[in-house]
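Protein chains: 2
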Amino acid sequence: MTEPVSLAAVGLGRWAHQLARQYTELDSIELATCFTRTPEKRDEFASKFDCDQDESFEAALARDDVDAVVITVPNDKHADVVEQAADAGKHVLVEKPISIDIEDAKRIEDAVERNDVTFLTGHSCRRVGGIRKMKELIESGDVGDVSHIEAEWANERGLEIGADNWRGNPNKAPGGPLIQLGVHQIDNLQYLLGPIKQVFTYGKPMYTEVENMTMTQTVLEFESGQQAYLGANWTSPGVFFINVYGTEGVMFYDLDFANWSNSEDTDKNSELLLREFEEWTEDPDERKLRDIDVEMPIKNHLRDEFAEFAQAIRSDDIDPEVDARAAMRNVAVVLAAQKSADENRPVEVDEILEGA
Amino acid sequence: MTEPVSLAAVGLGRWAHQLARQYTELDSIELATCFTRTPEKRDEFASKFDCDQDESFEAALARDDVDAVVITVPNDKHADVVEQAADAGKHVLVEKPISIDIEDAKRIEDAVERNDVTFLTGHSCRRVGGIRKMKELIESGDVGDVSHIEAEWANERGLEIGADNWRGNPNKAPGGPLIQLGVHQIDNLQYLLGPIKQVFTYGKPMYTEVENMTMTQTVLEFESGQQAYLGANWTSPGVFFINVYGTEGVMFYDLDFANWSNSEDTDKNSELLLREFEEWTEDPDERKLRDIDVEMPIKNHLRDEFAEFAQAIRSDDIDPEVDARAAMRNVAVVLAAQKSADENRPVEVDEILEGA
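Those protein sequences? They're chains A and B, same order as listed.
Take the first sequence: its letters are residues 99 to 454, numbered as in the working numbering.
Take the second sequence: its letters are residues 99 to 454, numbered as in the working numbering.
The set of hints was computed from the structure by calculation and includes no laboratory data.
Just to be clear, a hint being listed does not mean it is correct.
Since the list gives no way to pick one copy over another, a pair counts as held whenever it fits inside one copy or between any two copies.
Stated by the list, open to error - Below 27 Å or equal to it, Euclidean Cα-Cα: the simulated DSS-like pairs (lysine-lysine) are: (1) LYS397 - LYS175; (2) LYS302 - LYS175; (3) LYS386 - LYS366; (4) LYS146 - LYS386; (5) LYS437 - LYS295; (6) LYS386 - LYS397; (7) LYS437 - LYS302; (8) LYS270 - LYS397.
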């Protein structure tokens, strides 16, 4: 049997706990150590997940029993931390978004290539059973030819964050809910229909005390000519859906947002409906529609992500989803959307990626 | 008891039959006569609905037993026909859209004012029970403050219309599905949140042999600063929904498109869900959501429209929905969307309405 991959967890906030709860269940992963600046947080994490702790990031990187680092530090610190880890020869899994600007994403891409380490960005959402199933039904042609998609991810975050929260700061969280929630849907959209070419966004702060956008609505064109709508919002109770329109069927995928963080429950609390004609008749008034409950594989999006990461480290044949370039493209779409909202004009994604 | 209002039906296509099936059930309306150019169609309609027929529009207008005219001629003929009817002192109900350009809508508005007749545009969709109920829940504050809306109306029309069909011609049906289906949702949006200020649209012909757009996706800003998405499409099986996002609740309204034309069944085949927090907790991970089935009044959108039309004719106190100005604003949004798609830029609705 292959040796398990030995991890250091860096950044020990709420999300680090959710991830650890999942990867510590895998035989292919072993949690060696953890690091964050605050000793109390290290103590809590180390005792909860039965691992060592290190007093500096450098000390964690210097350990021979650390193969890889899982990074959940603030988004604007990703590049520094990833670069340091990769330069120390460690494999890296970094939480989404890869960065909040293109320069940082490019630094990460370069560091990964330079050191030839395995790298994965935590766009786990594309791994849920429903999205895997939709991808399959699009590619098999079962829903005919796809024209457009509608996607929304909303929660109530903007109604309660204070003026000093980093999420309310356009420099720390460009696009607001677009960089925090929407970037998952952007990854899903590019996973389903390929690269996004151009976007137009309306967005603004609404019902909030922060200056960042909390309400955003975007329409976009793929390079293929297909289109999508993307809503990313912090102004209401939780909503997550993806509707895929094909010439022969429309798929409606819904996920109960309250079960997002507990990834073992996410797929059990989701639904995929397929609407199609009961039968095709000449008279349009006689055509009846039916909604079919589509069976989806039950996945665990966070655990699967770590399982693939470990496999990719141990095998040369596996390129894990989502690499630095794909993650950079997701961020570029967010930045294009922010620019579009600021300047009230459509923005090409290539305008953001220029030179990268 | 008040005398029933006596109608002439002008234009006797498929939709004229659907309307007549509804208004002939009302005590407040009497169908006197009908007219269209083709004698066979007149015979069929007159015998089916037990009314007279006239061999010319002028003859129908000359009748003393005709109080009002219901017009379902092609959209680009509305202005001529409405003007003639109003100048003959007849009240007018015209099918939506009021026109396909602003000049014609303005001619209609002027003719109605000049002759002081009762006028109504057939935007019956806002009369369905679910949309009435959503309006009530928005105004009562039950869903908190509304930030944005998502609306879609799709059917398969574009997949089967031939190159010679008027719907495939951008001059006859500007905006394609936007002028035919989307204009209903535009009316619903302006009914729910007031005047639309600016729009941006991606749209194109897709999976069709016609040159008109068959796929359109629009984002828009209301004058209030609230926002909406509107999908209007002819590229898939039927979909109709409206999602309204409030700070305390999200409403999901779905209508089975197959029951749209039979207006006595429309409301029975629709659903309104309200999503809200089961209880508000400090920890966001502990907040559970619940979806509540909201009871809606069961209406008959077409019959109700005619009942109100008759009432308004007999009473000075009733201004029927939707007047020429509101209907003109609906068309202006369609034309702004078409212009936006053509020119790849956001377009102000006032730019279209200028001078009207």
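The hints, checked one at a time:
1. LYS397 - LYS175: neither (30 Å within a copy, 57 Å between copies)
2. LYS302 - LYS175: Classified as within; 26 Å inside a copy, 42 Å across copies.
3. LYS386 - LYS366: So LYS386 and LYS366 pass the 27 Å test across copies only (15 Å; inside, 30 Å).
4. LYS146 - LYS386: between (55 Å within a copy, 26 Å between copies)
5. LYS437 - LYS295: both (14 Å within a copy, 20 Å between copies)
6. LYS386 - LYS397: between (33 Å within a copy, 22 Å between copies)
7. LYS437 - LYS302: Both: 12 Å inside a copy, 24 Å across copies.
8. LYS270 - LYS397: Answer is neither; intra-copy 32 Å and inter-copy 50 Å both fail.
The structure shown violates the earlier hints numbered 1, 8.
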